[in-house]
Amino acid sequence: MNAPLALAGDETLVEEIRDSARDFLRRRDHKARKRLAAPADRAVWREIAEMGWLGMNVPEALGGLGLGAAALAAVLEEAGRAQLPEPLLAAAVLPTGVLARLTGQTGAAHRAALLERIIAGEWLVGLAWQESDGQLEAAEPAGAFGVTATPRDGAHVLNGEKRHVMPGADVDGWLVSADSESGPALFFVPADAAGITVVPHARADGAPACHLMLENVQPQALLGNVQALEAVDAALDLGRLLQSAEMIGAARQVLADTVGYLNTRQQFGRTLASFQALQHRLVDAAMQIELAANSLRAALPESGEPRAHRIAASRVKARAAQASLQAARLAVQLHGAIGYTEECDVSLYFGSALHHAAWLGNATAHRQRYGALAPEPAPPDSHGESAPDTEDFAHEAGQAGTDWNAMPEEAFRAMLRRFFQAHYPEHLRHVPWRLHWDEIKDWYHTLSRQGWIAPSWPREHGGMGLSPARLIAYIEEAERHGVARAPDQGLVMLGPILLRYGTQEQRERFLPRILSGQDVWAQGYSEPNAGSDLASLRCEALIDGDELVVTGQKTWSTLAQDATHMFMLVRTDKTVKKQAGISFLLVDLNSPGVTRRPIRTLSGHEEFCEVFFDQVRVPRANLVGDLNAGWTIAKALLGFERLFSGSPKHANHALQQIYAVARQRGLLADPAFRDRLNELRLDAADLAATYEVFADMARAGKLLPPELSLLKIWATETHERLGALLIQACEEHGGAAMAQRHGKVYPLAPYVNALAATIFSGTNEIQRNLYAKQVLGLQDA
1 MNAPLALAGD
11 ETLVEEIRDS
21 ARDFLRRRDH
31 KARKRLAAPA
41 DRAVWREIAE
51 MGWLGMNVPE
61 ALGGLGLGAA
71 ALAAVLEEAG
81 RAQLPEPLLA
91 AAVLPTGVLA
101 RLTGQTGAAH
111 RAALLERIIA
121 GEWLVGLAWQ
131 ESDGQLEAAE
141 PAGAFGVTAT
151 PRDGAHVLNG
161 EKRHVMPGAD
171 VDGWLVSADS
181 ESGPALFFVP
191 ADAAGITVVP
201 HARADGAPAC
211 HLMLENVQPQ
221 ALLGNVQALE
231 AVDAALDLGR
241 LLQSAEMIGA
251 ARQVLADTVG
261 YLNTRQQFGR
271 TLASFQALQH
281 RLVDAAMQIE
291 LAANSLRAAL
301 PESGEPRAHR
311 IAASRVKARA
321 AQASLQAARL
331 AVQLHGAIGY
341 TEECDVSLYF
351 GSALHHAAWL
361 GNATAHRQRY
371 GALAPEPAPP
381 DSHGESAPDT
391 EDFAHEAGQA
401 GTDWNAMPEE
411 AFRAMLRRFF
421 QAHYPEHLRH
431 VPWRLHWDEI
441 KDWYHTLSRQ
451 GWIAPSWPRE
461 HGGMGLSPAR
471 LIAYIEEAER
481 HGVARAPDQG
491 LVMLGPILLR
501 YGTQEQRERF
511 LPRILSGQDV
521 WAQGYSEPNA
531 GSDLASLRCE
541 ALIDGDELVV
551 TGQKTWSTLA
561 QDATHMFMLV
571 RTDKTVKKQA
581 GISFLLVDLN
591 SPGVTRRPIR
601 TLSGHEEFCE
611 VFFDQVRVPR
621 ANLVGDLNAG
631 WTIAKALLGF
641 ERLFSGSPKH
651 ANHALQQIYA
661 VARQRGLLAD
671 PAFRDRLNEL
681 RLDAADLAAT
691 YEVFADMARA
701 GKLLPPELSL
711 LKIWATETHE
721 RLGALLIQAC
731 EEHGGAAMAQ
741 RHGKVYPLAP
751 YVNALAATIF
761 SGTNEIQRNL
771 YAKQVLGLQD
781 A
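When we follow full-length UniProt numbering, the leftmost residue of the sequence shown carries the number 1, and every step to the right adds one.
These are calculated hints, taken from the structure and not from any lab test. Hints should not be assumed to be uniformly reliable.
What the hints assert, rightly or not - DSS-like, lysine-lysine: derived pairs with alpha carbons at most 27 Å apart:
no., residue 1, residue 2
1, Lys635, Lys744
2, Lys773, Lys577
3, Lys635, Lys577
4, Lys578, Lys773
5, Lys635, Lys649
6, Lys702, Lys773
7, Lys649, Lys702
Stated by the list, open to error - Label pairs and their calculated CB-CB ranges:
no., residue 1, residue 2, range
8, Arg152, Thr12, 53 to 63 Å
9, Pro375, Arg28, 39 to 49 Å
10, Arg663, Glu60, 46 to 56 Å
11, Arg28, Thr264, 21 to 31 Å
12, Arg500, Glu60, 44 to 54 Å
13, Arg28, Ala414, 30 to 40 Å
Here the structure is a predicted model, which means the values were calculated and not measured. The beta carbon of each residue, even a glycine, is placed where N, CA and C say it ideally should be.
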């Protein structure tokens, strides 16, 4: 929760800037000053200028530091944490953002002089651009202006009104957009110019704003009339990104303060932090904050064309507004009566959230803008690849000595796409349930013959030897094409375990048979009353000479009816704490005493099995690792499993299906449906950004942290919400059987599959418990 934004760019430099900002902000009690709701302190403003903040994002050629938006975002995050009263966003980010983007000779000298004064902290300048409530663009509707610039005596006079202008007090002037005889233009108007009427009003956080009434006002300078509106709009979207950083910082701090309060405040003989209902509410607030932070990370640094900037800015602002309001509102509630007073710091964060969530467009407006600008998902059956040249491809893919890791990533991905298109059965693309061995074994053998069945295994053991980065590319391309998972527990779970913990004899015995498909493995972890609380398992293995005798039951074993073997956790010592007495054992399911019973799910599919063991004798040579060391091995499997249970593939495919149905039924013209769809599109986009954060860690070979729990929660619950909308869109077909198709979609499949995913790999409730304790630091006592 207290982790800073992981922004793109020079991470070392960004962290140095963050530390410097934090040190500066700790020198004064900014919160006490903010309670006074006084105008900016000019002495502090000059100190801020000396820190370089006012010109941090201005190119060096224009007198700034040219450090980029990522560095400035780190500063804004710390300013949000400290509740800095000075109008850093309004009087630095927005005006310098506009001036730095204006081009052309007209007003160039004035722009340079004004930038110099702003960067030096000599002048406070605001941007006056808005003319109607809820306006998001500089001229909205296109070409409409309420302020006009009329030529007079070789100059101009301005008439009209600007609304919601910040700062609204104690400024030296404003940049004012207007419609001139030659089109849109930008002027500098001194605050003391004749004909200006300032109508002040305070924001929820006490910041001064105003409406400007201009009557025959003569501006000091024309700053530009070429691309003036484009410069203003680009600066506004930059402002929204950095505003989001400030909201994220404030939300993180108020949540941290709330955790600290709950860890000390007692009721009914327990700390408030120990109440699970409160823990889960805090985790959900933290999840919104991290989604906003990851969305901002994906949007910075600025790159690409203007439309992409607008899409990114609206996406980030919508999430950050939601996150900051949720965190601040929850903080008021959990602090109790004191949280409803101005004496408590929560009031500052609550006021700040209200102000920023509404200024520069609220969450609803930005969701609608995102929905209007972002490209719609492609149809589910869109390949995006031309038919491969089979002969050339066979030569390319069949080279045994190919170093896949040395290939450029795009070339590697393109090769995978061609292979999947050439060889994967079309009728098995995007199937909504796990396929049985007899349905998928031909594809398994195709990959095996190609040498691609075990992409993560070392080459000396028959794998592709892919690096983490290439492995993720492999998985993502398979998901994108709709390649079904073969019975892969032996490949993705047991194989890596044997490579790390197994004996040489075990590797030589089992690994080749996994690669060839001779042995098909199932996982034996869960038991009745030992699902999410896996350490409570009771299936027992007693040592009898050179054998272990297994008695007990395993359940929820995926496709165990098709498996030849099972790797399982067994209780081998009842006298120690529950995690310490567990061993990891390999069992032949054809052994006497093994009984399997398939379990039919809500989908009508026999995806799982109960497996019963009655005095099943297993060679002690099948014990992996040391006796009673199985818990360590089991935990090694969970991180990567949760990473890919958090993949956005399911959400993205559900979105494609929703659009297919909505286009067919004309639902995209329904405003209510469209609003809900826009909201879920943002959920899916922020899921993808969050997945990339953890995928980057995996690509770099880093251990995945406990924060991974949030990814699993958001992925499965977003998939469930999308599934519910698909059912709604399909009307009566939404209540058909799981295997029934409506056009090219299975209406019920996403929803039912998502329900299962919220339970597996540790229920979402358990994931919330883990995050509350391991990341937020909420105490049990």
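Status of each hint after checking the structure:
1. Lys635 x Lys744: Since the Cα atoms of Lys635 and Lys744 sit roughly 39 Å apart, the hinted pair is violated (cutoff 27 Å).
2. Lys773 x Lys577: With a Cα-Cα distance of about 21 Å, the restraint between Lys773 and Lys577 holds, given a limit of 27 Å.
3. Lys635 x Lys577: Given that 27 Å is the threshold and the Cα spacing comes to 16 Å, the pair holds.
4. Lys578 x Lys773: holds (20 Å)
5. Lys635 x Lys649: holds (25 Å)
6. Lys702 x Lys773: holds (22 Å)
7. Lys649 x Lys702: Holds. Lys649 to Lys702 sits at ~23 Å (cutoff 27 Å).
8. Arg152 x Thr12: 53 to 63 Å: holds (54 Å)
9. Pro375 x Arg28: 39 to 49 Å: Holds: the Cβ-Cβ distance is about 47 Å, inside 39 to 49 Å.
10. Arg663 x Glu60: 46 to 56 Å: Taking Cβ atoms as reference, Arg663 and Glu60 lie about 49 Å apart, which means the hint holds.
11. Arg28 x Thr264: 21 to 31 Å: Roughly 26 Å apart at Cβ, these two residues keep to the hinted range, so it holds.
12. Arg500 x Glu60: 44 to 54 Å: Roughly 50 Å apart at Cβ, these two residues keep to the hinted range, so it holds.
13. Arg28 x Ala414: 30 to 40 Å: For Ala414 against Arg28, whose Cβ atoms are near 56 Å apart, the range 30 to 40 Å is violated.
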